[in-house]
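> Okay, here's what each chain looks like letter by letter:
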Amino acid sequence: MNAILIMALGAALLGVALRYVPVKRKVDEAVLAEQIDALLPQTQCGQCGYPGCKPYATAIAKGEADINQCPPGGTDGIHKLAELLGRKFKPLNTEHGVEKPKAVAFIDEAVCIGCTLCIQACPVDAIVGAAKQMHTIIAPLCTGCELCVPPCPVDCISMLPVAVSVDTWKWQYPVFEIKPAATTATATKQQSA
Amino acid sequence: MPRQFFKFNGGVMPADHKAASTSLPIAEFAALASLPGELVIPLQQGNGGSLRALVEAGTQVLKGQRIGVGYDDTGTAVHASTSGLVKAVEMRRMPHPSGLSALCVVIAPDGEERWITRTPFDYRRAGLAATRDYLRDAGVLVGGDFGATGQLATLVINGAESEPRITCDDMLMRERADGVIQGIAILREVLRASEVLIGIEDNQPEAIAAMRAALAKRGAENTQVAAVPACYPTGNARLLIRVLTGIEVPHSRRFADYGVECFDTSTAYAIYQAITLGQPMVSRIVTVAGNVERPRNIEAPLGVPLRALLALCGPQADTNRVIMGGPMMGMTMPGDEVPVVKTTHCVLAGSPALFPPPPPEMPCIRCGDCARACPADLQPFELYSFARARQFGKAQEYHLFDCIECGCCTYVCPSKIPLVDYYRFAKSEILARQRDQEFADAARERYQFRLLRAEREKQEKAARLATKAAAAHAPTAEDAKDAKDTKKALIAAAIARARQQKEQVTPANIDALTPEQRAEIAKIEARREALQSSAKTAPPQDE
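First to last, the protein sequences are chains A and B. Per the numbering used here, the first sequence starts with residue 48, numbered consecutively. Per the numbering used here, the second sequence starts with residue 175, numbered consecutively.
Source of the hints: derived by calculation from the structure; they are not laboratory data. Fair warning: there could be bad hints in the mix.
Derived DEER-like restraints, expressed as beta-carbon distance ranges [stated by the list, open to error]:
#1 Leu259(B) / Asp214(A): 35 to 41 Å
#2 Ala672(B) / Val196(A): 43 to 49 Å
#3 Trp216(A) / Arg630(B): 39 to 45 Å
As the structure is a prediction and not an experimental result, all values here were calculated from the model. Idealized CB from N, CA, C, for every residue including glycine.
Here chain A stands alone, though its shape is the one from the complex (with noise of 0.2 Å):
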């Protein structure tokens, strides 16, 4: 009688308690989709289907979206997320975008008209110019978000992928090739062939 006793005054105990987790997970949320938000790559693009990057956090929070649609992001991003949520590691989803280099906009000085759709499209203030005057990119600035790139009616705006300068070059990976094996081990199979 006593052991039921306790174990109905478990479950009484266990019920209240859960019956608090959910609001306890509200305030969480927003905690969370901060700090998703601080690991994405704040390009501002929508590729992942959300009009920028804190709202795409605020839908991983609540469970609506997947931690794989942002492309900017890329492997190394969904490797961060998946880490700060706990959740396993899935390849990036290519209906949002494939992962590419970075690049940023440029536009063609000489055929630009002036008529500042771009700097409308331009989420994070990376473009210049005024109503009948050339625009131009300021590249730091520049997220390679491609938002500019479809409202322009003359189509000057093209990606340029950024090149790397001696101040951003990034020392290799220590890897050791084996070269004499790799060309012995080709040679045969030409000669197979």
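Given chain A's structure and the hints, the job is docking chain B onto it.
Just chain B now, kept in the frame of chain A:
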């Protein structure tokens, strides 16, 4: 009284091979050969950041003329190292392991070596800030926070050239000790240092003797030449400070925060040249050694290709690469055409026999030899395993950035693991991530500001329309009492405005008219008024 030295843990003692390049005196490049067809002076600083060119293709330059300055106050200027014609300002390969190009000024020498007018600088009258700016403009690398913290307890002069084969500071002190001492005196006065310690390794007795003699001649007080025990890497500024003063400066702090500052002897000499002789930095002493017949020190104009330097010392036939720096910390250059820059203290010709390619890496057995050899008190084997597994956060927890890349761990590793390569990889990867994060944070800020601005503009527009509507509403309150929407109010306001305008217009040509004519006009006006008022009552027909 012999000085008490402090010790650091670890360090290694490889064979120093220094005698090879000290048998010949320092030679001026121009005394051995004529200048090559072009000198290439990079508009890029060693510590990152680029310079703005002051010349363009076709400009005639004099030796010592400034050709590049920083975009802000921190960039150290570069100068033409000979007189001649600027051939181009274009991308050239940098003396950097990446083999990437950066903007360079290419000068075709005219062989006349015409100097700019050289005037000594009165640093006593100018004061600290002006002296710092002068040295920056004279191209001397003294650091942006030069003298920023006021008085110094100890000024350390680094003559401890601990890396094997390098002898440029040794030879400089042997042959030009007086200039170095004068440079040190200037530094001491400008930085208000109460004590100067000149640290020289005890395997360079000639340099120690020369410096002591020069010191005795100049009679500087509280200045001491300290013969520190030879051990690689004592030549590292942080470690030399530790050996001489016992102060351990952490990676994240400046020397000056601890009342010490450290300058190389070559910097002291460059300061002497800049201030006492009025010569900006246009050349430097470079040790050429390794797989060459006549290793020696050459005073090379900046911008000379490494190939030209090696050619003066007779490179041997099996030379297959060029290393800038010493055998421990040097980096293989992408080619032998890259120029001498301000930080080039040594050029080594490499050959498979002299510097054999690293044997295949074996697994780490965690023997701990690297930890015993590490002068920065790190655990290299842990750092290695984290860097290898790309666990960069962990590597930082183990103080990866305290690593000075001296190569002692690689030198002692029984498994022949290129440990420093892993640390460099991890460091550059972490720095790249930090850059990306800063960029993303800045982008987020701009995006949020943009959203805020869009919202504000919308509100401002609505407020503007509302006030306009309200203003229009007030004078026609009676007429438009029944008008329910703002559009109607706006129309009413426009009508009212038009009427007001019309009333204000007084014909300017009635002054000269007779009273009869005026009366007639008044009559017509009254008729028009009546018509207008009847028209005003008409609109209800529309409804």
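> Which hints, by number, does the structure contradict?
1
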